[in-house]
Amino acid sequence: MALTSRHYELDCWSDAQEFYHSRGWTDGFPVVPPTPAAVNACLEWANLQADALIGIEPVRERPITAEKLAINAVMAGCLPVHFPAVVTAWTGMLQPEFLLHGATASTGGCAVLLILNGPIRKEINAGCEFNVLGSSDRATSVIGRAIRLGLINILEVSPGAIDRSTLGHPGKISYCIAEDEEGSSWQSLAELRGIPRAASAVTVLAAGAPRQIMNEWTTVPEEILDTYAAEMRANMRNYLIWSGNYVVVIPKQHCDHLQNAGWSKADVAEYLFRKARITRAEWASVGKGSVIRDKGDVEYSALPSPAHLLVVAAGGPAGGFGAIIPPWLGTKSQAVTIGIGVCIDC
Amino acid sequence: MTIQVLDPASESNPQVIQPAQGISSLKGKRVGFISNGKEGTPVFFAHLERLLKEHWQVAEVVLRTKSNYSAPAQQDFIDAARDWDLAITGLGD
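Protein sequences appear in the order of chains A and B. Each residue of the first sequence is one higher than the last, beginning at 1 in this note's numbering. Each residue of the second sequence is one higher than the last, beginning at 1 in this note's numbering.
Treat the hints with care, since some could be wrong.
[Unchecked claim] Lysine to aspartate or glutamate pairs mimicking DMTMM-like chemistry, simulated, CA-CA at most 20 Å apart:
{"no.": "1", "chain 1": "A", "residue 1": "K295", "chain 2": "B", "residue 2": "E54"}
{"no.": "2", "chain 1": "A", "residue 1": "K275", "chain 2": "A", "residue 2": "E222"}
{"no.": "3", "chain 1": "A", "residue 1": "K252", "chain 2": "A", "residue 2": "D163"}
{"no.": "4", "chain 1": "A", "residue 1": "K288", "chain 2": "B", "residue 2": "E39"}
{"no.": "5", "chain 1": "A", "residue 1": "K332", "chain 2": "B", "residue 2": "E54"}
{"no.": "6", "chain 1": "A", "residue 1": "K252", "chain 2": "A", "residue 2": "D297"}
These are calculated hints, taken from the structure and not from any lab test.
Let's have the full structure, built from the sequences with the hints guiding it.
Listed below in structure tokens is the structure:
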């Protein structure tokens, strides 16, 4: 397949490392040299022409082509089998409701969280149990990294350039997880967002860092979820009060208790929709009293509706440790779910 | 033996925008603010309006506030700016 990107002749692997680092084309870690053969292998696996237009970044009008995504995916360590998830994630990120430019430029420092559902998880051996929010496996690590390298290189989202994050967070290296669909009888996240269970999908969300909770001292659904709700309320007080797409990552131990009591994901969402609320007056307890003004009695919900909660079953088989992952900017940037291999313009 | 590697960066040619010509005086001019709408902006822009009128004899100040501070300005703001002599935007966070 004809590739049109500028190419360079280098002497060896270590030269390639210094070449890419010196041009600001990495995240600081070594990269896999993107040879034409490796890039073509990704494109052929995904059945994409090199010049296929995945989308256009709307603010700066930058075309995002399959070839550039494949180059960055190879650099991140992706095998061809990983590449369709990268392309699908970018397709989601380029939807207007994702607000890509704002999400990647904001001082708020969010990252792009990817959640994988469907058969693709098994095909690429994506980990969804132990250490799921850490370095759980090769596939999710390199897919998440491919997103970040693509942002850095194609859209100049590097620190101090387009990326104006005050702090950022570790998810800006790689932030990709898979749902443990086999570990529960719940519908998958993608199913609940309109994708058939037999299909694979990627959900993208501009998201803050995970906030871990622990409750191993009850089997009562309401009590377990009260801990998640408390963390959501804490985020509303300490970070941002606006409602949006929160993620809750529920480990198997909590899933089992909830399911044994007959609770579905919809029940979880309905409960947290009711409980994750604060009044503006609560800002006084965290040093934000100056902006309460006459709105102290106004109640704010973490979720505009129960459907805005993204419930993900994932994590190791033992331990009452869950997490909430807050949205970057309320409803101004929304989660997008796209089926892998689906043409959204057809 | 050498290895051939590819450029990961965008190679598209961005549209070059010519900046508008500067103006020599603010006196009698219409100045537009495009605010990102964050918490501290009303006070800041009110102060700036007062300065412009009192010290620089600006005739009129127009304020437009974006509905989403992390998104580009709405098209009607861009259209309205054509009637301004000067637009002030991108003031930071």
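- Would you check the hint for K252 (chain A) and D163 (chain A), treating anything up to 20 Å between C-alpha atoms as holding? 36 Å, violated
- Item | Pair hint outcome, K288 (chain A) versus E39 (chain B) [Cα-Cα no greater than 20 Å] | 12 Å, holds
- Query: Holds or violated: are the alpha carbons of K252 (chain A) and D297 (chain A) at most 20 Å from each other?
  - Reply: Not satisfied, since the Cα-Cα distance of roughly 38 Å exceeds 20 Å.
- Message: Against the 20 Å threshold, does the CA-CA distance of K295 (chain A) and E54 (chain B) hold or violate the hint?
- Response: Answer violated: K295 (chain A) to E54 (chain B) is near 34 Å, above 20 Å.
- Starting from K332 (chain A), check that the Cα of E54 (chain B) is at most 20 Å away, please. With a Cα-Cα distance of about 37 Å, the restraint between K332 (chain A) and E54 (chain B) is violated, given a limit of 20 Å.
- Item | Hint consistency between K275 (chain A) and E222 (chain A) [alpha-carbon to alpha-carbon, up to 20 Å] | 10 Å, holds
In the structure shown, a violation is registered for the earlier hints numbered 1, 3, 5 and 6, in ascending order.
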